[in-house]
Each structure stands twice: as C-alpha cells, then as structure tokens.
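Participant: Sequence:
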Amino acid sequence: MDGEVRDVLTDLRDEFLPLHQENRVRRTLSHLRGQLDKARSPAGTPGAGPVQGWSRQCEVDGSAPTCDSFLLQSLGHSLHSRERVIQECLGLIRRVCVQDETGTELTNKLTEHLKEILTDNKTALEALRSKMTATETNMEKEISSLRKAGRDREQDLETLNSVLQCNQDLINDLRVALGEKEQKLKEVEKEVELWRQKDRALTTVLQEKEAQISLLQTALQEESPELADLFELREESGASLCQEVTKLTTDLQEYQLMVQHQQESHSQTVTALAAELRDMRLELRKREKERRESERVWLNSREDWKTEEEKLMHNLQRRDRLIQQILLDAEERDHLLTALQQKL
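6 is the number of the first residue of the sequence shown in the working numbering; add one for each residue after it.
Some hints here could point you the wrong way.
[Unchecked claim] Once the Cα atoms are required to be at most 20 Å apart in a straight line, the calculated EDC-like pairs of lysine to aspartate or glutamate come out as:
| no. | residue 1 | residue 2 |
| --- | --- | --- |
| 1 | Lys153 | Asp284 |
| 2 | Lys146 | Glu314 |
| 3 | Lys186 | Glu198 |
| 4 | Lys186 | Glu249 |
| 5 | Lys294 | Glu198 |
| 6 | Lys127 | Glu249 |
| 7 | Lys146 | Glu313 |
| 8 | Lys153 | Glu269 |
| 9 | Lys316 | Asp161 |
| 10 | Lys214 | Glu249 |
| 11 | Lys316 | Glu147 |
| 12 | Lys294 | Glu185 |
| 13 | Lys195 | Glu185 |
| 14 | Lys203 | Glu187 |
[What the hints assert, rightly or not] Across the chosen pairs, the derived CB separations fall in these ranges:
| no. | residue 1 | residue 2 | range |
| --- | --- | --- | --- |
| 15 | Leu165 | Trp310 | 28 to 34 Å |
| 16 | Lys311 | Lys348 | 54 to 60 Å |
| 17 | Leu169 | Glu313 | 38 to 44 Å |
| 18 | Arg156 | Glu269 | 53 to 59 Å |
| 19 | Leu179 | Tyr260 | 26 to 32 Å |
| 20 | Ala182 | Thr255 | 30 to 36 Å |
| 21 | Val181 | Lys311 | 23 to 29 Å |
| 22 | Val275 | Arg297 | 31 to 37 Å |
| 23 | Glu337 | Lys311 | 55 to 61 Å |
| 24 | Ser306 | Glu117 | 56 to 62 Å |
| 25 | Gln173 | Arg301 | 20 to 26 Å |
| 26 | Ala244 | Asp204 | 29 to 35 Å |
| 27 | Trp303 | Asp339 | 16 to 22 Å |
Please keep in mind that the hints were generated in silico from the structure rather than gathered at the bench.
Where is the CB? At the ideal position from N, CA and C, for every residue including glycine.
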C-alpha cells in the first residue's frame, strides 16, 4: 500500500510538493486514512475482497494457480491498491479545496493526473481481458482438435472392426469350401477302392479261367483232335478277350493314376488352405490384439481428455468470474470517481 502511494505521489511530485510544504497534506491524509480504515473495517476492502478470497480458496484447495490466474490476481490487487490511493487523493483534493479556495489550478492538475492513472489502469485491464479472451479461444480450439482426434480414432476403430468382420466371413467361407473338398476326396477314395476290389476280383477270375483252359486243352488234346481245333479257335477268341481285358485294365490304371494325381493336388490345396487359414488366424489374433490395445489407449486418452477439458472449463469459468468481478469493481470506481468529481 505504501509503495503504491509513493508511486502515485512521485508521479504527482510537482503538484504535491507545494501542499506538502504547508503540512496540510499529511494531516488531511492521516485523518482520511483513519476514516477509511474505520469505515472499511466491518465489511473489509470492497475491491480486494474477491481477489483475496479467491487466493485463499486456491490455498485451501491446494491447487497451484496458473501464470494467467496469478497475473490476474496481481493486476486486480494492484488496481484495487491504486484505486484506494486515487480515492484518498481525491478526498485530499476536496479537503484542500474546502480549506483553500485559491488552489483551483493545482486541483485541476491533480485531477487530470489521477484521471490519466485511472485510464491507464482501465487500458491495462482491457488488454488483459483481450489476452484472456484469446487464451480462451485457443483453449476452445485445442478442445475441438482433441474431440476431432477422438472422432477420428472412433472411425479408425469402426474401419478395423469392419475389416476384421470381412476376414472372419472369408475364413468361414474357406472352411465351408474346405469341408466340401474333403467330402469329395472321401467319395473319390471310396470309388478308387471299389475299382481296386473289382480289379482284384477280375484278376482272380482270369487266373482261374486260365487254369481251367489249360486243363481243358490238355484233356482235349488227349481225347479228340477235332475238339482241340475247336479249342484253339476259342483260345484265339479268348486272346482277343484278354486283350480287351488288358485294355480295360490299362484304362483302369490310368484312371487310378489320374485319381491319385487329383488326390495329391487336393492334398496340396488342402495343405495350402490350412496354412493360409493358420496365417489368417494368426493375423486375426494380431489385429485383435492391436485393436484391443488401440481401444485401451483410446479409452485412456479419452479419460485424460475429459479430465483436461473439465479442468480447462473450470479454469475458464473461474477466470470469467474474476474478470467480471474486476469489471464490476472498475464500474463502481468509475461511479465513485464521477460522484467525487461532481462534488468537487
């Protein structure tokens, strides 16, 4: 308080010294301070109350004020201190004018200087208010960017879920196709086994036929040459029949080879599909793990964003209340200064 008084009186040095030499300033100032202290003692200082109360509230809450809040508090305290000095100087001017009606020019100079000081205080307050508005705008932009990033994360998660669902559908289709191919392979194996059984039965029948033919040929050669000739004719026809059987056997072997090749091809296809399915399962697990990790990080980030947003909104509301209180105090000071000027 004394430092603020000295600063103001230093600015008003040329006007203050003539009054100070007559010792009327000191007596009037002391009397005025006593009256001001006595009048303000029940209710406290009107201007400094909100700032000091807010400072005590910050100390009770245990939260350290930010640089902007500390600047507002310091500026508000400085403005209240200078306002008290201005009020005291105005009261002093009024008393001096009452006691000495010849000091009109000196009074006008003091009033002009006090008005300039008050104007500077208002200008500083408006500049600080503009700065706070810009800071609030930047914070709102930051919050908007955080919200946009959150929406982008949600869209990425939805896209990842769609891709995973498509992969799952593809895997299900591959499983169905693999089951159908396995069923066809089982049917082909049954058919090949049936052809093998027929081949073995036909070979057995041919062997028995060859044995019977040999026995009949021997018996016919011993009993009748005519029957032997007839048997030779039938043997020739049997040779042609054997050729046909051999041809059928060759066709059957070729068919077996073709079936075997198809079986090998199907086995390779099944192996490749199984390997692809295994790789896709691994990739699906990896993507599911990444999705869970991304979701966990996103949830943590969203909680941090919500906490930061609530903190920023709380600081902005508290700053707005402080600025409004300072503006109300400035308006009250303007009214008081206007009333004092009208009285003077």
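Participant: None of the hints should be skipped; say for each whether it holds.
Facilitator: Hints, one by one, checked against the model:
1. For the hint pairing Lys153 with Asp284, the CA-to-CA distance comes to about 35 Å; that exceeds 20 Å, so the pair is violated.
2. Proximity of Lys146 to Glu314 is assessed by CA-CA distance (about 12 Å); at most 20 Å being required, the pair is judged to hold.
3. Using a Cα cut-off of 20 Å, the hinted pair Lys186 and Glu198 holds, with the two alpha carbons roughly 18 Å apart.
4. A hinted pair counts as satisfied when its Cα atoms are at most 20 Å apart, and Lys186 with Glu249 does not qualify at roughly 35 Å.
5. The hinted pair formed by Lys294 and Glu198 fails the criterion: a straight-line CA distance of about 48 Å is larger than 20 Å.
6. The straight-line distance between the Cα atoms of Lys127 and Glu249 is roughly 121 Å, outside the 20 Å bound, and the hint therefore fails.
7. Taken as a hint, the Lys146 and Glu313 pair is honoured in the structure, with Cα atoms around 14 Å apart against an allowance of 20 Å.
8. Using a Cα cut-off of 20 Å, the hinted pair Lys153 and Glu269 is violated, with the two alpha carbons roughly 56 Å apart.
9. For the hint linking Lys316 to Asp161, the alpha-carbon distance of about 28 Å lies beyond 20 Å, and the restraint is violated.
10. Our distance criterion of 20 Å between C-alpha atoms is met by Lys214 and Glu249, whose separation comes to about 15 Å.
11. Restraint check for Lys316 and Glu147: the C-alpha separation of about 13 Å stays at or below 20 Å, so the hint holds.
12. With a C-alpha separation of about 32 Å, the suggested pair Lys294 and Glu185 falls outside the 20 Å cut-off, and the hint is violated.
13. Between Lys195 and Glu185, the direct Cα distance comes to roughly 16 Å. Compliance with the 20 Å bound is thereby established for this hinted pair.
14. For the hint linking Lys203 to Glu187, the alpha-carbon distance of about 25 Å lies beyond 20 Å, and the restraint is violated.
15. For the pair Leu165 and Trp310, the beta carbons lie near 21 Å from each other, so the given range of 28 to 34 Å is not met.
16. At about 55 Å, the CB distance of Lys311 to Lys348 agrees with the hint of 54 to 60 Å.
17. Between Leu169 and Glu313 the CB atoms are about 31 Å apart, so this pair departs from the stated range of 38 to 44 Å.
18. The supplied range of 53 to 59 Å is met by Arg156 and Glu269, whose beta-carbon atoms lie about 54 Å from each other.
19. Between Leu179 and Tyr260 the CB atoms are about 30 Å apart, so this pair conforms to the stated range of 26 to 32 Å.
20. Remark: the range hint 30 to 36 Å for Ala182 to Thr255 is upheld by a beta-carbon distance near 35 Å.
21. Separated by about 46 Å at the C-beta atoms, Val181 and Lys311 break the suggested range of 23 to 29 Å.
22. Distance hint check: the CB atoms of Val275 and Arg297 are about 32 Å apart, consistent with the given range 31 to 37 Å.
23. Against the hinted window of 55 to 61 Å, the Cβ-Cβ separation of Glu337 and Lys311 comes to about 39 Å, which falls outside the hint.
24. Judged by the Cβ atoms, the range 56 to 62 Å given for Ser306 and Glu117 holds: they are separated by roughly 58 Å.
25. A beta carbon spacing of about 22 Å between Gln173 and Arg301 agrees with the range 20 to 26 Å that was offered as a hint.
26. A hinted range of 29 to 35 Å for the beta carbons of Ala244 and Asp204 is inconsistent with their spacing of about 20 Å.
27. Distance hint for Trp303 and Asp339: a CB-CB separation of about 52 Å, inconsistent with the stated range 16 to 22 Å.
Comparing the model with each numbered hint stated earlier shows that hints 1, 4, 5, 6, 8, 9, 12, 14, 15, 17, 21, 23, 26 and 27 do not hold.
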